[in-house]
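These protein sequences, in sequence, are chains A and B. Per the numbering used here, the first sequence starts with residue 1, numbered consecutively. Per the numbering used here, the second sequence starts with residue 363, numbered consecutively.
Be aware that one or more of the hints could be misleading.
As the list claims (entries may be wrong) - Straight-line alpha carbon distances no greater than 30 angstroms define the calculated DSS-like cross-link-like pairs of lysine-lysine that follow:
| id | chain 1 | residue 1 | chain 2 | residue 2 |
| --- | --- | --- | --- | --- |
| 1 | B | 556 | A | 154 |
| 2 | B | 372 | A | 231 |
| 3 | B | 372 | B | 591 |
No lab work stands behind these hints: they were computed from the structure.
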Amino acid sequence: MMLRTILDTLESSGCTAPEIDLLQPADPFLDTTGEDLRRRIFITQENSGRTLCLRPEFTIPVCLGHLERGWIKARYAYGGKVFRQRADGVGEFTQAGFENLGSRNFNDADIDCILTSIRVLEAVGQSGLSMVLGDQQIFVSALDALQIPQAWKKKLIRSFGDDQLLLAHLDAMSSAGHEPFAEASDAVREAIASGDVDALATLLTEQMVEDGLPLSGGRTARAIADRMIEKAELASQRLDAGKRAALETFLGIDVPLAEAADAIATFEKENGIMIPLAGEELAARYEGLKGADLSMRYRASFGRQLDYYTGFVFEIFRSGHEKPLVGGGRYDRLMTLLGSPEEIPAVGFSVWVDRLEGGRVA
Amino acid sequence: MTLTLALPSKGRLKEKAVELFSRAGFELDLPQDSRSYQGALRGVPGADQVDVAFLSASEIARELVNGTVHAGITGEDLARETVSDADRYLEFAVKLGFGHADVVIAVPESWLDVETMADLDDVAAEFRARHGRRLRIATKYWNLTQSFFAGHGIALYRIVESLGATEAAPAAGQADTIVDITSTGSTLRANALKVLGDGIILKSEANLIISRHAEASAGDRQALDTIVKAFNAVS
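Chain A with its partners taken away, still in its complex shape (with noise of 0.2 angstroms):
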């Protein structure tokens, strides 16, 4: 009944809604979210030995249906059972959604998600709601502003949205290192001391030779050395103080989306940096939702770690509750991850069907 509310809301706003199969090859899920979901989904084996699972989610395959159909973009409305591993209570839910792919106006695309998805909620009766709003892009652009090295960035990156293992990080960081490699070989030492990345694949040619691994389809010697020299040269760094200081007062940022744009512009005149298009982007995203009828905030730490995530996330809650109704976000790798020549825009949101009982207005 609020399944089918929300899918006639979806369908009327111009949503295709595509035939999802409740099995599907498990290779995708796990290429692209990686071997951990393993353990949380139901996998299944078939006679002749591929491996499928009871779709655990239906973003996967609705992207998958759009690369094949070849379509340049499209707007999709999904919902049905989805079904997860879970320690306690059972492994079924009803999940409905919405994904916008292939649109190349990327601020509006997300406004469109966001109201779209207060639309579904108020659809089926939701009131008192609050989102939270965050955006790795603008993360990103903040440490590149405070000309945080390479590879530093991108550890920070991928753990952005786990603020232990983002700390973890960058107490790391800001210590001393061991001093590494050292018990390689002189003739390794003196390339790396001299960033002689040429010569160091050579040496590493010849090792992988005498070790007899293959020299194709692995790591090549000149991946290794080029990490070997990017560690070396990371060995002899720490993170200033007083840019990690300024990275926690940034993923401390916690305040109404009014007040995102000031919030940053503040940051920014403390800390003597500029963090590019972050105040403004804050500012359109409030212009275009502040109609809404719900509380906004803006969370500088708020991200999910999974690496096809690229761009802003939201949750919906109904206020004063901790598990969302709704989330959502940008996902801009997906498509080339599940093999999409060239980029495509990803935009979408997933509503919680089961979590909606209860707070309808009477």
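Given the coordinates of chain A, work out where chain B should sit on it, guided by the hints.
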């Protein structure tokens, strides 16, 4: 009530287990002939009858989790691999001092840049962009690998199941790294693999393990208690 124990059916684990019972002062009746896998334990106060089932080491772990045997001797690695939340199902009652093996993550020696799990995290994150596929790990330890990697915040890899000669998988091009057991490290070295500095997943040895889910009478519990005390005295 009958108390059922499970012991390894072959190899050094079996020899050591049988020896342990006799050292601890119990009389163990071995199977009558080589095709039988049923024995009995005598001289245990409290229990009317103690059956001993001789099973493969990994079956013992499974039976303990299911609660179809009361206690058994097997490797901690196999027990923890059988079920992710092992301590909820199993009580690791006595470390027996034999069957030592470390479950480790090992990478090719030529990966000079990879010394710790943090390095492997960097490599795994960029593997797909650089090599067109995820980092592959050959192992038979799915559960142990997944929880250890999750603990280090690493998700972007794939497991390739390997039921034998895992250490040869990188050279054969089937995988990039391995998770396997090692006792002296010589097999790893012979295959040009090195253990990461913080890459020891589990220091395993044979344990007397008691099932938390097997139905046991007061007498059974008393008998198990006697065995635990006797083992503790000689281990």
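Results of checking the hints against the structure:
1. B:556 - A:154: holds (26 angstroms)
2. B:372 - A:231: violated (48 angstroms)
3. B:372 - B:591: Measuring from Cα to Cα gives roughly 25 angstroms; hence the hint holds.
Violated hint: 2 only; the structure is consistent with all others.
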